[in-house]
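There are 2 protein chains.
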Amino acid sequence: MALESRQLSLNTATVRERWNLAQAIEGCQRHGIGGISPWRDKVAELGLQESARRIRAAGLTVTGLCRGGLFPAPDAAGRQAAIDDNLRAVEEAAELGAACLVLVVGGLPAGSKDIAAARAMVQDGIAAILPAARAAGVPIAIEPLHPMYAADRACVNTIDQALDLCDALGAGVGVAVDVYHTWWDPNLERAIARAGAERILAFHICDWLVPTTDLLLDRGMPGDGVIDIPRIRGMVERAGFKGLHEVEIFSAGNWWKRDPDEVLAICTERHRTVC
Amino acid sequence: MALESRQLSLNTATVRERWNLAQAIEGCQRHGIGGISPWRDKVAELGLQESARRIRAAGLTVTGLCRGGLFPAPDAAGRQAAIDDNLRAVEEAAELGAACLVLVVGGLPAGSKDIAAARAMVQDGIAAILPAARAAGVPIAIEPLHPMYAADRACVNTIDQALDLCDALGAGVGVAVDVYHTWWDPNLERAIARAGAERILAFHICDWLVPTTDLLLDRGMPGDGVIDIPRIRGMVERAGFKGLHEVEIFSAGNWWKRDPDEVLAICTERHRTVC
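Those sequence lines, one after another, are chains Z and D. Just so we're aligned: 200 in the UniProt record's numbering is position 200 of the first sequence, and the numbers increase by one with no gaps anywhere. Just so we're aligned: 237 in the UniProt record's numbering is position 237 of the second sequence, and the numbers increase by one with no gaps anywhere.
Treat the hints as calculated values from the structure; they're not laboratory data. Yeah, the Cβ is synthetic: ideal placement off N, Cα and C, and Gly gets one too. Wrong hints could be hidden among the right ones.
Now the in silico label distances, taken between C-beta atoms and shown as ranges [claimed, not checked]: (1) D/Gly59 / Z/Ala110: 27 to 33 Å; (2) D/Asn187 / Z/Ala252: 32 to 38 Å; (3) D/Leu216 / Z/Arg272: 32 to 38 Å; (4) Z/Ala132 / D/Val210: 42 to 48 Å; (5) Z/Gln29 / D/Leu216: 51 to 57 Å; (6) Z/Ala193 / D/Pro230: 36 to 42 Å; (7) Z/Pro131 / D/Leu216: 51 to 57 Å; (8) D/Ala44 / Z/Gly32: 57 to 63 Å; (9) D/Gly240 / Z/Ala132: 23 to 29 Å; (10) Z/Asp124 / D/Arg231: 17 to 23 Å.
Footprint (simulated), chain Z over chain D, 3 or more residues, beta carbon under 8 Å [as the list claims (entries may be wrong)]: (11) 72-86; (12) 171-185.
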């Protein structure tokens, strides 16, 4: 059964080079896209209340706020600064009515080779913001990033690892499942089943290109790469996930250069035909 | 306790742009390096018997032959061709007295998005060569590659996944543990302990650079990146591994351009001081 564009959500990173948040909201309306997941810099630019007002007026579901996290730091002051910033992000997510605050948890602190210590800092950081997140009704979505980002962006690299964190932290924490970060995982199906409906807070789509020419900014449009997106969507749906499918494409050399209206037209077409 | 250069092995990929195998053998002797792990193209260039003769005469341990694998293919003829080539690699490894034949197992066949099918092809391919490998006394080392190579080089991406294959295949198969491919794995310590002395057939070292500018050819000299090599060496040693430490650096922009004698001098110094 073909997917409806109302089931698609636009992560604003996909059009960030050429559209501000107001333009992205209008773009979603023009293309019949049902949801949006804004980045905090774009929200700040438009203003938090104005962003919330426009998104509500457009009838868009906020599938997430990107992003909190980045907890590890070389010293206690740095770690506290990260926690303070995450507390502000929780407030913003609440104001926007976001389904979750997405965490890119952070990698190794500068000068460190101790990934176990970085992982402990992540757990401590989430624990520190969790009471406020629960009080605000904002679920925290740990996004496991591909292992190629373990050093510099996120030392949580599999869904199982994220779920172990969720188990340790208790209610109010779940995972964001991104096909780009997880498609290779030999344990993917079991991990998604383990997560279950309550803990799958977001589902992100794009594609893995062959070859991939840049570790960060060479992600593909669904259908242009090797990820079997329908298979992974089937896994999250069997686990009970009923949320939107959020398209998030970092692509400095291709999609970021194009007319965002063309990008959204292709996103909705690919969502319908290959996702 | 500082490591001795006799405990170091040179994977010839490290100097492949500027040295043939005869030069690499002589280079190991000059630098007091105890082992070598040649690539098949370099062996073919020098001749199999001549390669074996020179390596023996130099008193070098052959820590592995690189490489077999690349089993998945779109059709049966392609898969059989891969098996036939791997059977030749087993013979070459036996002639060289290699401690193991290292497998880079292969990624998705052209046009496929079915990673489960590719993984089944890998298992079938290894099963097909295993009787000959056992008869020749050549252990087969599955090398899990970093998940960023899942599409195009190796769909076996964690030590645990490789060990599941070993369990299914029986005697004569183990793993090559490469710090570059595995350092991020939250389950690394348990997986190495699970492998045990009998199944850790090789231990490869290099480093993960931040930033990494190329997915394949931007590996670092030990000490220049973020991998805690002594910690991982401790894991394999606690598991009972007593083999050499094989340095393997793919580095088109840096180390491959330098004088190989300078590279080996730095390798032995870093091996002594940071590994």
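A quick look at each hint next to the structure:
no. : hint                            : in the structure
1   : D/Gly59 / Z/Ala110: 27 to 33 Å  : 44 Å, violated
2   : D/Asn187 / Z/Ala252: 32 to 38 Å : 33 Å, holds
3   : D/Leu216 / Z/Arg272: 32 to 38 Å : 35 Å, holds
4   : Z/Ala132 / D/Val210: 42 to 48 Å : 32 Å, violated
5   : Z/Gln29 / D/Leu216: 51 to 57 Å  : 43 Å, violated
6   : Z/Ala193 / D/Pro230: 36 to 42 Å : 38 Å, holds
7   : Z/Pro131 / D/Leu216: 51 to 57 Å : 45 Å, violated
8   : D/Ala44 / Z/Gly32: 57 to 63 Å   : 59 Å, holds
9   : D/Gly240 / Z/Ala132: 23 to 29 Å : 48 Å, violated
10  : Z/Asp124 / D/Arg231: 17 to 23 Å : 21 Å, holds
11  : 72-86                           : violated (count 0)
12  : 171-185                         : holds (count 3)
Of the hints listed earlier, those the structure fails to meet are numbers 1, 4, 5, 7, 9, 11, in rising order.
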